[in-house]
Amino acid sequence: MRIVDSLRGRNPKLISDMNLFVRELHRITLLREEIWLAALSNMQNEVTKRFKLLEESIRSTEQNESLTTDEKAHIISEKREILLITLLQRNNRKNNWILRMKQISPLLAELRNTDIPIPGIGGSDTPVTIYGIDEGTTILPTKTRPKKLSFIGNDGKKYFYLLKGLEDLHLDERIMQFLNTCNILFEKQLKSGRQMQYFARSYSVTPLGHRSGLIQWVENSVPMFSLYKKWQLRENIKDLENRSKWPPLVLKEVLLELMNETPKNLLAKELWCTSLNCDEWWSATQRFSKSTAVISVIGYLIGLGDRHLDNVLVDLRTGEVVHIDYNVCFEKGKHLRVPETVPFRMTQNIESALGVTGIEGEFRLSCEKVMEILRKGQEALLTLLETFVYDPLVDWTTTHETAVTNLIGYGVLFLLYDDSRLVLVNLKISMTASDTVSNVRNPALARELRQQLT
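FYI, the numbering used here numbers position 224 of the sequence shown as 600, with every residue one higher than the one before it.
Calculated directly from the structure, the hints in this document are not laboratory data. Don't take every hint at face value.
Said to hold, decoys possible - Here are the simulated DSBU-like pairs of lysine-lysine, each with C-alpha atoms no more than 35 Å apart in a straight line: (1) K710 - K564; (2) K534 - K645; (3) K628 - K640; (4) K564 - K606; (5) K524 - K428; (6) K628 - K519; (7) K640 - K519; (8) K710 - K628; (9) K389 - K534; (10) K645 - K745; (11) K564 - K519; (12) K605 - K645; (13) K448 - K478; (14) K534 - K519; (15) K628 - K524; (16) K605 - K534; (17) K710 - K640; (18) K448 - K428; (19) K605 - K564; (20) K428 - K478; (21) K645 - K628; (22) K628 - K606; (23) K564 - K533.
To be verified - Label-pair distances were calculated between CB atoms; the ranges are: (24) P624 - H711: 18 to 24 Å; (25) E438 - R476: 45 to 51 Å; (26) D510 - L652: 27 to 33 Å; (27) V718 - K640: 16 to 22 Å; (28) Q608 - E438: 37 to 43 Å.
Since this is a predicted model, take the numbers as computed values, not measurements. By construction, the Cβ of each residue, glycine as well, lies at the ideal position given by its N, Cα and C atoms.
The task is simple: from the sequences and hints, build the whole structure.
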């Protein structure tokens with residue numbers, strides 16, 4: 377409070393605007409309607425059980441020979457009305473909800489001409505401040521119901537952010553710092569006058585507390601899953617089966633069949649069709665190969681998991697790959713109910729988009745170069761990683777001891793200091809370069825890795 381009082385004495389309007397801004401964002405992170413929806417969703421299992429009882433009761437009524445047809449129909453109708461079937465239908469997750477800001481926060485809707493800097497927008501002596509907040513608010517149909525907000529800057533431009541709750545965003549913020557440090561190393565190592573070859577695209581993450589924050593919206597990018605979804609819609613493919621209880625052998629057989637049936641060039645075709653000419657297509661393909669190599673190596677170093685296709689975005693104009701949601705990292709994926717064992721995602725569509733040479737061309741050369749650059753700058757990276765220990769994260773507290781023990785067993789992260797505190801340091805960066813080069817250039821090992829990754 378003393379710090380706030382001191383700052384208020386210097387700039388009272390900024391502190392007043394910021395207090396209102398943060399307080400209201402905290403309040404609308406999870407609306408009352410969303411809390412009720414979550415509670416009703418948790419009751420869905422009970423509703424399903426009741427429906428099964430209703431079906432059994434209907435069969436019993438229909439088999440009762442002492443009742444007439446009209447009596448049976450009347451009894452069955454009454455039972456259905458009691459359970460209010462029409463009111464208990466599942467919520468359609470495909471539809472986005474669009475609300476007016478006045479409905480959820482009149483104070484934010486009336487906010488005008490503030491001194492609050494727009495998060496993550498820098499590079500000048502005069503920061504861009506929030507003039508107002510756009511009226512439309514989109515609620516995305518995911519588990520935590522994040523809200524897409526549009527801030528109007530005093531420069532007249534709109535800046536889009538995702539207000540996310542029920543998650544600790546400090547980890548994402550630290551990972552963005554790690555990516556920015558890697559970009560500095562890339563820029564320093566490449567001394568040629570050409571445009572910088574390697575770059576890990578990052579975005580602004582601003583925690584507003586332990587369980588909420590603002591994430592900068594990634595513009596001009598689409599999730600890879602949307603490419604598959606469009607293909608499924610074109611082919612009129614419907615998922616009518618619940619595969620969660622299928623035996624592993626059947627699942628494997630179905631997976632292989634789906635891989636054969638699904639086109640391998642969906643992503644490659646999108647890059648080709650988006651390009652205006654051959655030069656743009658070649659540039660996009662090269663950029664895709666390099667950015668995929670950069671994020672694959674960095675993801676391997678930090679043990680990044682949960683790389684499903686909604687978390688991998690592609691800028692189809694430039695071919696740049698953007699990864700989002702870094703909540704599962706430092707080998708947390710290996711301790712999930714279904715462990716993640718691959719170092720990074722390299723499926724058939726990604727490999728096809730790398731070009732004619734696949735993983736043996738620009739992608740492989742870029743991986744070697746990126747790893748070489750990061751090893752030369754390992755001191756800066758390891759120093760940055762130490763902050764993860766001194767600033768513990770909420771989402772790690774429940775499994776921290778187990779995770780650290782297992783991580784040491786994998787030989788990924790460990791180092792003991794004299795004060796007996798465990799400091800997480802990425803040993804993957806510190807592996808000897810001679811061993812790595814000999815392994816990478818071993819044709820047999822390259823073929824084996826390719827089989828595992830594809």
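Hints versus structure:
1. The hinted pair formed by K710 and K564 meets the criterion: a straight-line CA distance of about 34 Å does not exceed 35 Å.
2. Between K534 and K645 the CA atoms are separated by roughly 32 Å; this keeps the pair inside 35 Å, and the hint holds.
3. Pair hint K628 plus K640 holds up; C-alpha atoms about 18 Å apart against a cutoff of 35 Å.
4. For the hint pairing K564 with K606, the CA-to-CA distance comes to about 41 Å; that exceeds 35 Å, so the pair is violated.
5. Restraint check for K524 and K428: not satisfied, since their Cα atoms lie roughly 39 Å apart, outside the 35 Å limit.
6. For the hint pairing K628 with K519, the CA-to-CA distance comes to about 28 Å; that is within 35 Å, so the pair holds.
7. Pair hint K640 plus K519 holds up; C-alpha atoms about 30 Å apart against a cutoff of 35 Å.
8. Restraint check: the Cα-Cα separation between K710 and K628 comes to about 20 Å, which is no more than 35 Å; the hinted pair holds.
9. A C-alpha spacing of about 23 Å is found between K389 and K534, which places the hinted pair at or below 35 Å, so the restraint holds.
10. Of the supplied pair hints, the one linking K645 and K745 holds, its CA atoms being roughly 28 Å apart against a limit of 35 Å.
11. Under the criterion of a C-alpha separation no larger than 35 Å, the hint pairing K564 with K519 is inconsistent with the structure, at around 41 Å.
12. For the given pair, K605 sits about 15 Å from K645 by alpha-carbon distance, which is consistent with the 35 Å threshold.
13. Proximity of K448 to K478 is assessed by CA-CA distance (about 51 Å); at most 35 Å being required, the pair is judged violated.
14. Taken as a hint, the K534 and K519 pair is honoured in the structure, with Cα atoms around 27 Å apart against an allowance of 35 Å.
15. The hinted pair formed by K628 and K524 fails the criterion: a straight-line CA distance of about 38 Å is larger than 35 Å.
16. For the hint pairing K605 with K534, the CA-to-CA distance comes to about 29 Å; that is within 35 Å, so the pair holds.
17. As the CA atoms of K710 and K640 are separated by approximately 28 Å, the hinted pair is consistent with the 35 Å bound.
18. Between K448 and K428 the CA atoms are separated by roughly 18 Å; this keeps the pair inside 35 Å, and the hint holds.
19. A distance of roughly 40 Å separates the Cα atoms of K605 and K564; the hinted pair therefore is violated under the 35 Å criterion.
20. With a C-alpha separation of about 43 Å, the suggested pairing of K428 with K478 is violated against the 35 Å cut-off.
21. A distance of roughly 27 Å separates the Cα atoms of K645 and K628; the hinted pair therefore holds under the 35 Å criterion.
22. Restraint check for K628 and K606: satisfied, since their Cα atoms lie roughly 24 Å apart, inside the 35 Å limit.
23. Among the hinted pairs, K564 with K533 is consistent with the structure: their alpha-carbon atoms are about 32 Å apart, no more than 35 Å.
24. Between P624 and H711 the beta carbons are some 20 Å apart, a value that agrees with the proposed interval 18 to 24 Å.
25. Separated by about 49 Å at the C-beta atoms, E438 and R476 satisfy the suggested range of 45 to 51 Å.
26. Hint check: D510 to L652, Cβ distance near 32 Å, so the stated range 27 to 33 Å holds.
27. Against the hinted window of 16 to 22 Å, the Cβ-Cβ separation of V718 and K640 comes to about 18 Å, which satisfies the hint.
28. Between Q608 and E438 the CB atoms are about 38 Å apart, so this pair conforms to the stated range of 37 to 43 Å.
This entry does not satisfy hints 4, 5, 11, 13, 15, 19 and 20, going by the numbered hints stated previously.
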